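There are 2 protein chains.
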Amino acid sequence: MKDLRKAPIGVFDSGVGGLTVAREIMRQLPDENIVYFGDTARLPYGSKSKESIIRFSRQIIRFLKTRNVKAIVIACNTATAQALETVRQEFDTPIIGVIEPGARAALHETKNKKIGVVGTEGTICSQMYTRVIHEMEPGAEVLGKACPLFVPLVEEGFTRHHITEEVIDIYLKEMKESEVDTMILGCTHYPLLRSAIMQYMGEGVRIVNPAYEAAMDLKKLLKERNMSNENEEFNKYEFYVSDAAEKFKQFANSVLPYNVETIRQINIEEF
Amino acid sequence: MKDLRKAPIGVFDSGVGGLTVAREIMRQLPDENIVYFGDTARLPYGSKSKESIIRFSRQIIRFLKTRNVKAIVIACNTATAQALETVRQEFDTPIIGVIEPGARAALHETKNKKIGVVGTEGTICSQMYTRVIHEMEPGAEVLGKACPLFVPLVEEGFTRHHITEEVIDIYLKEMKESEVDTMILGCTHYPLLRSAIMQYMGEGVRIVNPAYEAAMDLKKLLKERNMSNENEEFNKYEFYVSDAAEKFKQFANSVLPYNVETIRQINIEEF
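Just so you know, the sequences run in chain order X and U. Just so you know, we're using this note's numbering here: the first sequence kicks off at 1 and counts up by one. Just so you know, we're using this note's numbering here: the second sequence kicks off at 1 and counts up by one.
If you're looking for bench data, these hints aren't it; they were derived computationally from the structure. Since we're looking at a predicted model, the values are computed, not measured. We put the CB at the ideal spot given by N, CA and C, even for glycine. It is possible that part of the hints are untrue.
To be verified - The following label-pair restraints were derived from C-beta to C-beta distances:
# : chain 1 : residue 1 : chain 2 : residue 2 : range
1 : X       : Gln89     : U       : Glu224    : 50 to 60 Å
2 : U       : Lys223    : X       : Asn259    : 35 to 45 Å
3 : U       : Arg62     : X       : Glu224    : 47 to 57 Å
4 : U       : Arg62     : X       : Gln89     : 28 to 38 Å
5 : X       : Cys125    : U       : Arg225    : 41 to 51 Å
6 : U       : Asn112    : X       : Pro257    : 28 to 38 Å
Unchecked claim - Calculated lysine-lysine pairs in the DSS-like style (CA-CA distance at most 30 Å, straight line):
# : chain 1 : residue 1 : chain 2 : residue 2
7 : X       : Lys50     : U       : Lys65
8 : X       : Lys249    : U       : Lys145
9 : X       : Lys145    : U       : Lys247
Using the sequences and the hints given, assemble the complete structure.
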């Protein structure tokens with residue numbers, strides 16, 4: 001039992017976006033060890049089929065299990081939307097996604113029960129946010145919008161650029177004109193556009209980032225199963241990618257509150 | 001020998017872009033059979049490492065060889081830039097890329113020997129166009145520019161949109177102000193922005209699309225090796241992808257001059 005407590009948390013994403021979730025876990029669960037995997041060889045996930053996302057997720061979970069993780073957080077909305085239900089049935093390791101926590105946080109914030117969700121094509125078309133919100137609150141209204149250009153704009157560094165403001169206007173005009181009072185940033189890249197989106201939507205709309213709530217869920221799960229690490233030794237964070245480790249390292253060091261020195265590259269197709 | 005003549009041409013790309021090259025082969029070599037592969041599960045290639053692009057290209061070539069192709073065209077600038085030299089040494093099947101043909105066409109067009117190249121990060125950073133142009137004409141000047149947002153803009157359908165015009169201005173301002181008189185569209189997606197780019201660059205700049213010249217090179221290669229198909233039976237085009245066959249089919253039918261009915265999906269990681 002003691003060994004399981006010391007075991008790391010597995011966290012994965014299609015690339016760097018999930019580091020915002022890892023950062024939240026580091027903050028809220030400072031005694032936990034983390035193994036992070038970013039599937040940089042096959043990103044982005046947003047426009048790929050459910051079938052492929054399930055296959056990729058299975059390979060990543062098999063890899064994380066070789067690192068003896070005690071629990072897994074899918075820090076990617078697309079992978080949560082397309083693969084969580086399937087992989088939960090296939091693996092015995094407990095798996096948390098970002099959609100249930102995001103839905104719960106939005107329902108906590110909203111006053112008029114009209115919630116907007118922005119995400120990738122895969123996340124929005126899956127309607128998973130709508131389904132989960134309706135299970136929690138059947139009377140809620142959910143307005144979803146896929147925003148495929150947000151990720152490339154963030155990756156090109158256009159987070160505060162007039163082009164990005166115009167793209168936000170194209171994608172979110174309808175949502176702004178609706179009665180939505182709460183909006184979920186349903187893609188881990190989008191928090192990097194948070195201030196531009198907040199400014200556009202105005203003060204009347206609360207912006208929800210599922211990362212915080214996902215870390216809370218993890219904390220609760222570990223407590224319930226008596227798996228929390230109470231060891232106060234220096235904790236260990238390991239980072240793996242399927243491509244371009246050096247580029248990932250730069251981004252990781254700009255997002256995380258400590259200096260990442262080693263990123264290991266693996267061939268995920270072998271798992 | 002007769003069998004080899006009837007064998008198909010293998011054509012591959014990270015996704016749909018290479019269909020513009022396949023279309024050119026269909027036009028110029030109407031008696032040839034084609035097996036096309038689009039790596040839609042792992043696209044885009046543009047920002048991924050040389051190492052990964054070589055691994056992906058090897059798998060695809062191994063797959064195309066199971067279809068008994070007599071020659072292969074890498075209809076992707078990034079894969080040509082990162083992998084052509086390596087895979088040419090490893091496989092006995094003749095392999096043609098799009099960079100040599102594009103470079104030759106540009107040198108044929110230019111009067112002042114100042115040539116611009118636009119492409120993905122991988123293509124531009126590899127400096128392969130510069131190297132190949134200098135081998136052909138040491139006195140030429142080459143100005144390269146990576147344009148990472150062009151592909152997502154095309155895929156979002158913004159080919160004639162003021163946002164795209166603004167992005168063109170951001171990327172190509174320096175090239176417009178230079179003395180470049182010829183510009184290579186060094187990514188198979190970019191011909192879809194051809195009219196917007198031509199309008200921006202003005203009449204003084206010739207725009208070169210390597211697809212036409214690549215098909216010419218293929219024709220020449222087949223003749224030299226006595227491998228041209230002289231059979232006038234109904235020719236066969238086969239299409240394979242690694243993900244989302246239905247979406248590919250829609251795009252294929254908008255690009256190709258005949259109705260594509262079957263797209264087969266395979267797991268390329270097994271090759």
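Cross-check of the supplied hints:
no., hint, in the structure
1, X:Gln89 x U:Glu224: 50 to 60 Å, "holds (57 Å)"
2, U:Lys223 x X:Asn259: 35 to 45 Å, "violated (59 Å)"
3, U:Arg62 x X:Glu224: 47 to 57 Å, "holds (48 Å)"
4, U:Arg62 x X:Gln89: 28 to 38 Å, "holds (33 Å)"
5, X:Cys125 x U:Arg225: 41 to 51 Å, "holds (47 Å)"
6, U:Asn112 x X:Pro257: 28 to 38 Å, "violated (53 Å)"
7, X:Lys50 x U:Lys65, "holds (29 Å)"
8, X:Lys249 x U:Lys145, "holds (24 Å)"
9, X:Lys145 x U:Lys247, "holds (19 Å)"
The structure shown violates the earlier hints numbered 2 and 6.
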